[in-house]
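A.B. asks: So for the sequence shown, the UniProt record's numbering puts the first residue at 1; every next one is plus one.
For the record, the hints were derived by calculation from the structure and aren't laboratory data. Quantities reported herein were computed from a predicted structural model and do not represent experimental measurements. Any given hint could be a false lead.
Claimed, not checked - Okay, derived cross-link-like pairs now, SDA-like style, lysine to any residue, Cα gap no bigger than 20 Å in a straight line:
| id | residue 1 | residue 2 |
| --- | --- | --- |
| 1 | Lys37 | Lys132 |
| 2 | Lys76 | Ser108 |
| 3 | Lys163 | Ser66 |
To be verified - Computed Cβ-Cβ distance ranges for the label pairs, DEER-style:
| id | residue 1 | residue 2 | range |
| --- | --- | --- | --- |
| 4 | Glu131 | Ser69 | 30 to 40 Å |
| 5 | Lys35 | Ile72 | 21 to 31 Å |
| 6 | Lys70 | Gly28 | 15 to 25 Å |
| 7 | Trp33 | Ser108 | 16 to 26 Å |
For each residue, glycine too, the CB sits at the ideal point set by N, CA and C.
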Amino acid sequence: MKNSVNLKYLQGYPENVLSQVQSLIEQGKLAAWMKSKYPTMHTLTTEKALYEYTMAIKNRYLKKSSPLSKVIYDPKIHIVNHALGLHTFVSRNHGGKLKAKNEIRIASIFKEAPEPLLRMLVVHELAHIKEKEHNKAFYALCCHMEPEYHQLEFDARLFLTYKELSSDI
């Protein structure tokens, strides 16, 4: 069934939610819904702009956390890792000193996304600096940095569904 494949980003949501999304798709209204809720895309298309945007959020909510060495858009994430972003932490022994590096990589598809969806993803990856696992403390931190976190995560999944459907046409 072709349409059920298009709901792969929404796996785990209740059946009533999936049927509402399925109905939007069948009626051809998903694109209109996305465009009405998120009429504009962000302008953070360079890695420098993404880094500055991420650092502003980090400095507001995670001042005392480990520094970030890199924040980039990565074209391979979405395809290879089945993820939207990655947070990596690397420790290296350099000249007798332990050096730690935190990096955030955001899927390139979010270069052309509404700003709230990019923000949700950045918040998610920043939360991994303090909380490595997806547990209660992790989601509490996400909601502290972005009160609409759960709705934006769902909307990001709808955005991915919308992008996939629009590329099929």
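A.B. asks: Could you check the structure against the hints above and give me the numbers of any it violates, in ascending order?
C.D. replies: 1, 3, 4, 6
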